[in-house]
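Participant: Heads up: the protein sequence lines correspond to chains A and B, in order. For the record, in the first sequence the residue sitting at position 121 is 1126 according to our numbering, with numbers rising by one throughout. For the record, in the second sequence the residue sitting at position 15 is 849 according to our numbering, with numbers rising by one throughout.
Bear in mind the hints are in silico, worked out from the structure with no lab data behind them. Not one of these hints is a red herring.
A few chain B residues that face chain A, going by a derived Cβ cut-off under 10 Å, partial list only: (1) Ala1014; (2) Val1017; (3) Val1020; (4) Ile1025; (5) Arg1027; (6) Leu1035; (7) Trp1109.
All of these numbers come straight from a predicted model, not from anything done at the bench. A virtual CB, placed ideally from N, CA and C, is assigned to each residue, including glycine.
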Amino acid sequence: MEALDQAAPKIRLDGISKEYIVPRTGQRTLAIADVSLDIVQGEFLCIVGPSGCGKSTILNMIAGLAEPSAGTVAMDGAPIRAPGSERGVVFQDYALFPWKTVRENIEFGPRFRSDARLGAAERDKLVRHYIDLVSLTGAEHKYPHELSGGMRQRCAFARALANEPEVLLMDEPFAALDAQTRLILQEELLRIWGEDLPRAERKTVIFITHGIDEAVFLADRVAVMSNHPGRIKTVMDIDLPRPRRESLRATSEFQTLADEIWQLIRREAYEATIDRR
Amino acid sequence: MTARDENGAAVAPGGATPYWPTPLAARIYASIGGLFVYVRAMAVFLVIWHLVSLWIGNPILLPSPIAAAEALVDLTRQGEVFSNVVASLTRLGTSFALAILLGVPLGFAMGLSRNVFAMVDPLIELLRPISGIAWIPLGMFILGVGEALPTAIMFYGAFFPIVINTVVGVRSVNPGLVQAARVLGVGRAHIVRHVIWPAALPNILVGARLGAGAGWMAMVAAELIGAPSGLGFAVEWYRELLMTPSVLAFVFLIGLLGYLFDRLLRWLQRVLTPWAQTQGGAL
Ligand SMILES: Nc1ncnc2c1ncn2[C@@H]1O[C@H](COP(=O)(O)OP(=O)(O)O)[C@@H](O)[C@H]1O
Ligand SMILES: [Mg+2]
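Go ahead and model the full structure; you've got the sequences and the hints to work with.
Facilitator: Structure follows, in structure tokens:
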């Protein structure tokens, strides 16, 4: 953990707020207020919080799809102003191109991005590698609508990876899957991320979820958010050993951490549920 | 126990139904069934037509379907059908190609840029409700009787559905797909070419089908008075000669060719946008 604290941040959120203004009514919503957070190289950070607390808003700002109303978002010390291939995103609804096959979806970034495009031969090797990595071999020529939910998820994941980003942003990527598939993909995600690699060689991952178990299982640190407006309440270190396997979920350390997080957000989770009724 | 049985059946559905027809056989049965429904509907229609023609008893007002069919065979044999069909189809081809070549880029520009839309849309909304037929008298002054008039009127009919559906197609592209391309570091030009264009294509093809239909309908009106050849011209020609069976033969051809052209475009939809078909997108 010492190494984690000393390193210069890969991504730095410095006092960011985001206010949405509805164009027609002029109504203002403060989605997130004064969020500061440093994420270091090779870290797996999970953000949990009740729905509507601004998790996607934060992720979109790191992706460069939205700008903060106040504060700065920086990567390697340089402010983020636009999307770029060094930050890959896996969206909750996967956003696969329906007119492209699995293969064509995965090679989309390396083929069409503005900088450092790859030639056909290199691309072929790269795409094949990632298709194998996410176990989509044999489905290369299928269209997204011919795939199961889990396969679509893996395709979206491979599309992001094949662009070889330094930072991977994932917005509730497993939320639409059934429970068994989700558990399997969590383990697979850790394997692909490279749990055994030294920290410097891992990708930095920011992973949004509302599953507390999921966050504890995956993360090095869990940022717990609160609502109205969205703030970061606590950042918890998850000092569970890696590589992590299914059996970890049954241990008392795991349960204790999960329960601690649940206690932090339960009041707000109740409020959010009752608000919406 | 039951749950396990259900589970087993769900996992391996192939083994449970060995006598289920193969996809090919199923398709043949389905198309024979479809043909039967079609023939039955046509037979009812022809019988009623025949009875009504007997009741009216005047072959100039309404000849029997047999007389009309004979006329069609005669006209085909004499080759007269072909020159008119070629004339009309050439005009359809020219006007439709022009409407696509101008309408799709314009619709794209309007869909992508608010400024272009604000500039062009009022004009389009003003012209669109005016039927192409309303322009025929003026067109005869300016263009005279010949190729130009029916082609221009057909273009007018085809143009607006194509533009409007292209605008709708470009505007209704899922923003999530554009974002997905942006976060991969893909630039604007490639996004337009590889995301917005394919995403808008199903709507553009719907516009093309509507445009072709509108153009084909406008054609008959334009050829009735403004052309020296073509299917509409032939209808009017035989009307003046009081040869009603031939009139009906050409009317039938207008319907048949319009239908076939639409089938062609539908086939194009299936080939060009297979993903939209399976999602039940296009008509
Ligand atoms: N484009 C937008 N316009 C207006 N309000 C928005 C917009 N996007 C999000 N919001 C609001 O901001 C808050 C945070 O949204 P979001 O980041 O999507 O939350 P989460 O991902 O945690 O569920 C919500 O209250 C939501 O209604
Ligand atoms: Mg969200």
